[in-house]
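Undergrad: Here are the chains, one letter per residue:
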Amino acid sequence: MSLDRSLNPISPAAWTPAAARHLALRAGFGGTPRQLAAVHESGLEAAVDAFLKPADPPAAPEGLDPDVVTPPSEEERRQYRRLRGEDAAAAREAAQRRRQQQRRNDRRMFRDLQHWWVERLLDPPASLHERLVLLWHNHFATGHRTVRDAYLMWRQHAMFREQAFDFAALAQGIVRDPAMLKYLNNDRNLRAEPNENLARELLELFMLGAGNYRESDIKEGARALTGFSVEDDEFRFRRFVHDSQTKTILGRSGDFDGDDFVELLLRQDACARFVAHKLYDHFVFDVGDDWAKVPRQRQAVIRSLGQRVKRHRYDLVPVMRELLTSRHFFDPANVGRKIKSPPQFLVGTVRSLNTPPRRTQTLHEAMTQMGMTLFDPPSVNGWDGGRAWINTSTLFVRQNLATYLITGKTPGEPFDVRDAQVSGRHDPRGLLDGLETSRRDDPQAVVDHFADALLGPHVSESRRGALYAFAEQRGRGPSDPHALLGLFCAMTAMPEYQLC
Amino acid sequence: MCTDYHPLSSNDRGADDGLGFTRRSLLGAGLTMVSAAATVPGFVSRAGVAMADTSMRVSSRAGVPEERVLVVVQLSGGNDGLNTIVPASRSAYHRARGDLAVGEREVLSIPNGFAGADTGVGLHPMLREVGELMGSGRAAVVQGVGYPNPNRSHFVSMDIWHTASPEKQGSTGRGWIGRAFDAAGHDAGGMACVSLGSEAPLAALGEHSRAVSFSHAETFRWSGADLHPAVAQAYDAALDTPLTQGASSALDEDPLAFVQRTALDARAASEKVRKAVAGSAERSFPGSSLGRQLEMVSKMIRAGLPTRVYYVNHGGFDTHAGQRFAHPNLLRQFSEAVSAFQESLELSGDASRVVTMAFSEFGRRVQANASGGTDHGVAGPVFLLGDPVKPGLWGEHPSLTDLDDGDLKHAIDFRSVYADVLGNWLKLDDAAALGRRFRPTGLIRDSA
Chain A
1 MSLDRSLNPI
11 SPAAWTPAAA
21 RHLALRAGFG
31 GTPRQLAAVH
41 ESGLEAAVDA
51 FLKPADPPAA
61 PEGLDPDVVT
71 PPSEEERRQY
81 RRLRGEDAAA
91 AREAAQRRRQ
101 QQRRNDRRMF
111 RDLQHWWVER
121 LLDPPASLHE
131 RLVLLWHNHF
141 ATGHRTVRDA
151 YLMWRQHAMF
161 REQAFDFAAL
171 AQGIVRDPAM
181 LKYLNNDRNL
191 RAEPNENLAR
201 ELLELFMLGA
211 GNYRESDIKE
221 GARALTGFSV
231 EDDEFRFRRF
241 VHDSQTKTIL
251 GRSGDFDGDD
261 FVELLLRQDA
271 CARFVAHKLY
281 DHFVFDVGDD
291 WAKVPRQRQA
301 VIRSLGQRVK
311 RHRYDLVPVM
321 RELLTSRHFF
331 DPANVGRKIK
341 SPPQFLVGTV
351 RSLNTPPRRT
361 QTLHEAMTQM
371 GMTLFDPPSV
381 NGWDGGRAWI
391 NTSTLFVRQN
401 LATYLITGKT
411 PGEPFDVRDA
421 QVSGRHDPRG
431 LLDGLETSRR
441 DDPQAVVDHF
451 ADALLGPHVS
461 ESRRGALYAF
471 AEQRGRGPSD
481 PHALLGLFCA
491 MTAMPEYQLC
Chain B
1001 MCTDYHPLSS
1011 NDRGADDGLG
1021 FTRRSLLGAG
1031 LTMVSAAATV
1041 PGFVSRAGVA
1051 MADTSMRVSS
1061 RAGVPEERVL
1071 VVVQLSGGND
1081 GLNTIVPASR
1091 SAYHRARGDL
1101 AVGEREVLSI
1111 PNGFAGADTG
1121 VGLHPMLREV
1131 GELMGSGRAA
1141 VVQGVGYPNP
1151 NRSHFVSMDI
1161 WHTASPEKQG
1171 STGRGWIGRA
1181 FDAAGHDAGG
1191 MACVSLGSEA
1201 PLAALGEHSR
1211 AVSFSHAETF
1221 RWSGADLHPA
1231 VAQAYDAALD
1241 TPLTQGASSA
1251 LDEDPLAFVQ
1261 RTALDARAAS
1271 EKVRKAVAGS
1281 AERSFPGSSL
1291 GRQLEMVSKM
1301 IRAGLPTRVY
1311 YVNHGGFDTH
1321 AGQRFAHPNL
1331 LRQFSEAVSA
1341 FQESLELSGD
1351 ASRVVTMAFS
1361 EFGRRVQANA
1371 SGGTDHGVAG
1381 PVFLLGDPVK
1391 PGLWGEHPSL
1401 TDLDDGDLKH
1411 AIDFRSVYAD
1421 VLGNWLKLDD
1431 AAALGRRFRP
1441 TGLIRDSA
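These protein sequences, in sequence, are chains A and B. Take the first sequence: its position 154, counted from the start at 1, is 154 in my numbering, and no numbers get skipped. Numbers in my numbering are just positions in the second sequence, counted from 1, shifted up by 1000.
No lab work stands behind these hints: they were computed from the structure. Keep in mind that the hints are not guaranteed to be accurate.
Cut-off 25 angstroms, straight-line C-alpha distance, at most; resulting in silico cross-link-like pairs (DSS-like, lysine-lysine) [said to hold, decoys possible]:
1) B:K1168 to B:K1390
2) A:K219 to B:K1168
3) A:K293 to A:K278
4) B:K1427 to B:K1390
5) A:K278 to A:K310
6) A:K182 to B:K1168
Now the in silico label distances, taken between C-beta atoms and shown as ranges [to be verified]:
7) B:E1218 to A:Q299: 42 to 48 angstroms
8) B:G1406 to A:S244: 39 to 45 angstroms
9) A:P57 to B:S1399: 54 to 60 angstroms
10) B:E1218 to A:R311: 53 to 59 angstroms
11) A:Q421 to B:E1218: 21 to 27 angstroms
12) A:E76 to B:E1253: 28 to 34 angstroms
Under 10 angstroms between C-beta atoms, here's a sample of chain A residues computed to sit facing chain B [stated by the list, open to error]:
13) H426
14) D452
15) M494
In this text, a Cβ means the ideal position worked out from N, Cα and C, and glycines have one as well.
Using the sequences and the hints, build the whole thing.
TA: Following this line, the structure appears as structure tokens:
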């Protein structure tokens, strides 16, 4: 079977309910069977337009304090010097106490920020926008454990949110982003003592990718970035430590600064292709970061997509529109064959089963146990993604998270499915909407109704058999609310459910 | 396994509850299942398990003694090395530590005939069992272990120890154990490294390798199975139905096949682990958290899981205040737990194949602070325990007068200890794991 490499739109006939499900899972976080049907009914173009609509900026987390971590004020410094003259040990102690207090406050604020994002993720809709924010967080990976200032992490997050559809603005923003400047030590990048950390990652991880620059470009880029620093939570250009001499970067010479460096990189074809590669990995198929390991046919698609990125000057709205309506995107080799990331798994389960609200703290812990601590990627490389999300222990975490979302049961807690609350607007029978009333007593019809939505195209007839058997044996019929919850738990535990 | 499984229309059995059971009969069945899971080994007789079992078997590689096990004990928070291996005979120590200092008469001296005896340095009195292990030739301590340009942040320094990359401040995102397994292509049914705790340690994170992590064996399983036997059965039946060829493509390995394999591995590993820890231990363990963790590890080792590295945690060492009470207690818990663990290994006949290593992300400053505690410092001791180690106190105790801005100077790079346990003990490629060759500390017996 050969892969359809065309970025032309699919034919109207190819816009099936299964295609609508694919779009909803990839551009967003999926939905209930009824919502998936609505996506289908709206038609491909309208559906894609709806996904592409940016979300309004959310309200900032409560209790956000810009001064959670601050250097000592002039007055505090004076006091410190006075005390040091009298009792050096006590002075040091007092300074340390101050630092420790700030750390404690910062950790508390950081936890609130993490919880805020979990809640925001669960807060519908504007899901493509949210998916892009997650992508940029992973792409321009910055970790709180190094930055140690929750306010700066929030600032960066707000920037990702504001510029989510514009890669050029993101790149321009990131070299002036206080959290990133601290994370990669550019606040210590001085004319006399250049620090190459940020320059290297801009070339290797953020904009061009290995093989598209030379070692000398790192050195010269670092010189351009000298003086791009942070003061009082804000970007600050420190003219006196900036190297204003001529630099030669990627064959061009000039008195470049950090902004010029980014502009030079944006003009490279390699940069447009690199962005296309990222989008492809995030939205189409888990190809990984290593270009050499991407199959040739997929490389060809990424190249064409890169040309679109270039043509639209990094405006991702038209690029994503083309990608999400393309024949390649809907090729069977790309449908139901991508590993869900932890947020896709968490949010997708909530959205597709309309589960009751659960404890944010527990959901955040589950995210961490699935391998993704928000605002704290393991390194500047971000999370590996794809198959790296799945191993024997994270698989149990995923299964148990789904069980918790569906029933409220936590692992180790003795819990009978019939103790789960099923009243009000979270009654699982509401999810039968879209299945004719007359068929709601038909076990196979009920299972198929949910298997098509939750498990997708690759759940075989023989594996459905196990689910039919379950539904057929339910004393109160397959549509009994507790029987449905049991069915959902079994389905979300299946390997097929890990894919989207 | 569900012998009293009742299909529907059991109306005559009382009010039907929607899942085909009366509530009473289900509760009965549920209880039976729970106890069966705990005691009867027969519950592994399902087809899927037999299938998965073959993937659990460790393939033998020439020259790799795969029965050898390393247990890593992480002393989190920054263990006060000076009050662990105590230079009680030195006046500089008493001057710096004041009330916190351990008296010269109280310390446990290094047994005669062992390295480090007669150096005026001894073990903290709460390390009685560790001293006894040393006396019987099963405990070694390396002093003054650290790395250049030490970082005093818990996070950063811990990351540095986990990634073995002081040069990059621990930011590589890959751990020393994970890289060693990557290089060896170790998988062991996804169980090469088992970590007790809810989060997998960075140390075990490789490109392909990950730790299995759980805090209780009960969380290392699918909890949906508790909801109702019929739910468990539906899942098992689905998982045991082979995949049919889906819309696979010649381009890429089928992701569904990969998840399916992992799911079978997970179910089999879960059953192995839970079966292993369900039995009673060879001896009683202390009730501390570390004691419970090591008790579980001893059972998993005894059960012969294919795991090469176990990772456990003993926290609370960040003694900025009230160290007088907190620190001795932590040392006592450590000493009692590792001693019970060692004895348990002897009883089960596994002692010759297990080495335990204990480390902390940093030591404390030499000078006590004004709150009856100590602040973040640098170098500290590393423990190596087990039959295969060369017993004694190794390395020089760091000087208390030749300080680096009030901190001890490290003498031995921690990667030399890693090189020893990786290369000489597990026979893995230490240079690949550590980025270059480090001279091993040489504390594994030559016969091992």
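Undergrad: Hints first: check each against the structure and report whether it holds.
TA: Taking the hints in turn, this is what the structure says about them:
Among the hinted pairs, K1168 (chain B) with K1390 (chain B) is inconsistent with the structure: their alpha-carbon atoms are about 32 angstroms apart, more than 25 angstroms. As the CA atoms of K219 (chain A) and K1168 (chain B) are separated by approximately 18 angstroms, the hinted pair is consistent with the 25 angstroms bound. The suggested pairing of K293 (chain A) with K278 (chain A) holds, with an alpha-carbon distance near 14 angstroms, which does not exceed 25 angstroms. Our distance criterion of 25 angstroms between C-alpha atoms is met by K1427 (chain B) and K1390 (chain B), whose separation comes to about 17 angstroms.
Restraint check: the Cα-Cα separation between K278 (chain A) and K310 (chain A) comes to about 14 angstroms, which is no more than 25 angstroms; the hinted pair holds. The hinted pair formed by K182 (chain A) and K1168 (chain B) meets the criterion: a straight-line CA distance of about 15 angstroms does not exceed 25 angstroms. Taking the beta carbon of each, E1218 (chain B) and Q299 (chain A) are about 46 angstroms apart, inside 42 to 48 angstroms as hinted. Under the hint 39 to 45 angstroms, the C-beta atoms of G1406 (chain B) and S244 (chain A), about 40 angstroms apart, fit the expected range.
Take P57 (chain A) and S1399 (chain B): their Cβ atoms lie about 58 angstroms apart, and the range 54 to 60 angstroms holds. Taken as a hint, the range 53 to 59 angstroms holds for the pair E1218 (chain B) and R311 (chain A), whose Cβ atoms sit roughly 56 angstroms apart. Between Q421 (chain A) and E1218 (chain B) the CB atoms are about 24 angstroms apart, so this pair conforms to the stated range of 21 to 27 angstroms. At about 59 angstroms, the beta-carbon gap between E76 (chain A) and E1253 (chain B) misses the expected band of 28 to 34 angstroms.
Interface restraint check for H426 (chain A): the shortest CB-CB distance to chain B comes to about 17 angstroms, outside 10 angstroms, so the restraint is violated. Below 10 angstroms, beta-carbon pairs count as interface contacts, and D452 (chain A) has none with chain B, the closest being about 15 angstroms; its hint is therefore violated. Annotation: interface hint on M494 (chain A) holds; nearest CB of chain B at approximately 6 angstroms, less than 10 angstroms.
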